[in-house]
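**Student:** Chain by chain, the residues run as shown.
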Amino acid sequence: MGQGLQVFDENGNIVLDTDNRVVKILGVHTGRIDITKTHPLLLPNSGLTPFYLVSPALGWNDTNMKVTFSSGGYRVVNSYPANYSKTYTVYVGVY
Amino acid sequence: MTGYGLEVTDDNGIAQVVDTAPSLNFHSKFYAPHGTLVFDDIFAIKPSEGVVVNTTRRLGNLSGTDPSGEGKKPLEELWGNGTIVTFRLGLPKTSHGFGLEVFSELGEFQFSSSVKVLRVLDVIRMDNIFSNKQTIDGRETYWRKNYGAKEVAVIVMQMPVWAGYLENIHTTGFVKRGEWFCIETGMYADDIPSYLIDDALKTQLLIIDVSHM
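Going line by line, the protein sequences match chains A and B.
For the first sequence, this note's numbering begins at 3 and goes up steadily by one.
For the second sequence, this note's numbering begins at 17 and goes up steadily by one.
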């Protein structure tokens, strides 16, 4: 790459480049919740892509965990029963 | 742009580092044989060459010793073998005296160039992974992509491994074949009656770059 931002660590390995994206975490949520949040990085002009991680991974038929994105915000709904819902942690971010 | 604070923006105008949102940071990497219990919230699977690997959920219902000593219960169990790469938020505040370090206005660690960060290559979402099935080089393949010389791993958001009503049966997995990262039928699928695996299997995956980690 001949231009733009690159950041290397002390061993000369690349940490930042423009052909892949650093994840930025906007919120971490656990337990039975229905929460809506806003963040400027979720606005369309940020050029970033929203995503979420669920830990542990959802099973094929899990429908009680939903994350939706809108312009400038997101909503996390964890409607599992109280004890079971504590098992799941949702990381919402952009890259 | 947020209009305030620190942002490091790449040459495409995309914010790579901001002081309002932390990165996910490399924490550990270890070779994991079949049956390894995984305790970390955020982990990626880096398959060994030619070995189909995935995990099955355990949700703490297997006894195991948490190697970190933090008293966690196992979340997943590895099927096949490969390398596990773990990530965490909020590493301790440190100063290495070189490179780029970013903290929030509250002093929370956000980014350091001396810490390897999670870098996304692709997000994959399929409502029915089996609808993508094709035969490539004689193998049942659901998805693949050539990532060249990059070392690639996968974070599973929604499992492609459940087989209809038999939840612990492994049907698909991840495998590296040269420069290709593939999702293929796994080693335990042979004995499963087809009527058990024709349900729509929603799959969500994050493909990440773990080069030099």
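Just to be clear, a hint being listed does not mean it is correct.
Chain B is faced by these chain A residues, among others (derived, beta-carbon under 7 Å) [stated by the list, open to error]:
1. 27
2. 57
3. 82
It is worth saying that the hints were derived from the structure and are not from the lab.
Please read all numbers here as calculations on a predicted model, not as lab measurements.
Virtual Cβ for every residue (Gly too), placed ideally from N, Cα, C.
**Student:** Which of the numbered hints above does this structure break?
**Tutor:** 3
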